[in-house]
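K.L.:
Chain residues, written in single-letter form:
2 protein chains.
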Amino acid sequence: MKDKFYNYIQLLQDRITKKLETIDGKAVFKEDIWKRPEGGGGRTRVIEKGQVFEKGGVNISGVHGKLPDTMQKYFGVEDANFFACGLSLVLHPKNPMAPTVHANWRYFEMYDKNGNIADQWFGGGLDLTPYYLFNEDATHFHKTCKTACDKHDPEFYKKYKARCDDYFYNSHRNEGRGIGGLFFDYCKATPNMSMENWYDFVTEVANSFLDAYTPIIEKRKDLPYTDHQINWQQIRRGRYVEFNLVHDKGTLFGLKTNGRIESILMSLPPQVQWVYDHHPEPNSEEERLINVLQNPIDWV
Amino acid sequence: MKDKFYNYIQLLQDRITKKLETIDGKAVFKEDIWKRPEGGGGRTRVIEKGQVFEKGGVNISGVHGKLPDTMQKYFGVEDANFFACGLSLVLHPKNPMAPTVHANWRYFEMYDKNGNIADQWFGGGLDLTPYYLFNEDATHFHKTCKTACDKHDPEFYKKYKARCDDYFYNSHRNEGRGIGGLFFDYCKATPNMSMENWYDFVTEVANSFLDAYTPIIEKRKDLPYTDHQINWQQIRRGRYVEFNLVHDKGTLFGLKTNGRIESILMSLPPQVQWVYDHHPEPNSEEERLINVLQNPIDWV
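First to last, the protein sequences are chains A and B.
Offset between the first sequence (1-based) and the numbering used here: plus 2.
Offset between the second sequence (1-based) and the numbering used here: plus 2.
Note that these hints are calculated values from the structure, not bench results.
Owing to the predicted nature of the structure, the values given are computational and were not obtained by experimental measurement.
One copy or two, either will do: identical chains are not told apart, so a pair holds if it fits within one copy or between any two.
When the alpha-carbon atoms are kept at most 25 Å apart in a straight line, the in silico SDA-like pairs for lysine to any residue are as follows:
id : residue 1 : residue 2
1  : Lys-51    : Thr-228
2  : Lys-148   : Trp-123
3  : Lys-251   : Tyr-76
4  : Lys-96    : Asp-229
5  : Lys-258   : Tyr-169
6  : Lys-4     : Lys-153
Only chain A is shown next, with the shape it has when bound in the complex:
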């Protein structure tokens, strides 16, 4: 399973970066191959200062070895060996009318003392963070998520949409990071879902990423915008930074377990502002966004 999934994310990284370069039309991804001293490594691909993408990364990694102490504590195990691989992507478009998107699909194995698999699971999802909210974009994104889910279980979309709203929540701001999507974790074998079934589900969701995002970026990338709207985008990007550095478990694990810092923090936006006590104008588009982030909508 680990070889099968790692091969899959390698091909997926190629497919996604190729498509994004075509959309951008100017910038190309810069590739960094890195090794993890304790075992494994990754292939980081970052795009910067494009016509469409101001900054973004589509990274894969496959790491293994002794489970770091902090993770042993977290999982309640001792001296376990592990393997983990996944693809993570974040894209910050230049145009404030175009939303930031994040996605991640990952697979994890833990081993017993004889080297046999003691536990294994998939996790991941995708979610959208608009600066200006186009309802049709949110609906398209969520419908694409639902279509992928429905092929595997009629309950998945509802369940994983709710988990996404829960997880990507800036509790200190009382608002969601964005308008959600899917979030699932610890997807383990059950009588209904074998690991093969989970593989089919996760790759179905991952395969639908370009269908979910490319029509949106194509529609918004060339819209006109003002300095006021850029300011708003940069202020909202500040909230993105706050979520990733204060609340995101993946980022904090990475920072505290000697991960490759530049690959982890590629998720942070390029140009960001913090303005004291900023509030949007009453009845503005900016205020409408905040209202939706505070009260998630059923987009499908």
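Assemble chain B onto chain A, guided by the hints.
P.N.:
Just chain B, lined up with the frame of chain A:
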């Protein structure tokens, strides 16, 4: 003691904000008085878009009531009441030749079931974060710290300088946030130092803040600079954000105990950049700064 120290920080806030407005020459502090629903409140003063200060805050607060659950756990007590007050300031100058400065002085009381003081202590310090390093500025700042310390104990400067280097450390980047200053905490009564003695020490340090910082800002605020230097300033401000959101105990306590978010996060810089895998040119001034941040210097 609590009334005496709270009166002191009120007057100190006036003194510092008045001086900073004179230095800026254009922007003035905007004042927000706020109440904490559970008891107490504060007076937040923020300056933005000045000629000298791009963003900054000089805040005081005095809060009391039942110790929040997370802090009970932290201090290992149950159902205690507390009082805490302090002044916190952060100044982000516009000119990249001028350093960011941070300072905080605080006093804490915890009560037993009869309302008597069960524990009390002072804490605080001040520290400097340059973007371009002028050795004479660092030396002046540290000498001013040492002069204040030496009046109270010949060991204090060495001890609290080392603690400052330890505390303001971005472990995930293997570098200090800045070039340090003083950091002390849990300053409790001992046979050598009564609480009155600690009050004298802490106010001596606080009184020296303007002596430590104003000659530096006066000297650097009008130096010429380039776009390249602004970029570097904004990238380094990203590290400031990383420290405050990932490592700073004060910020995280505030965010997780329902503090006034805007007063806590006034510390974040106005314009910030994250660039993937950025490295300064070999033998540049930017590289010299990084070397010093990785290997703290004895400036006195």
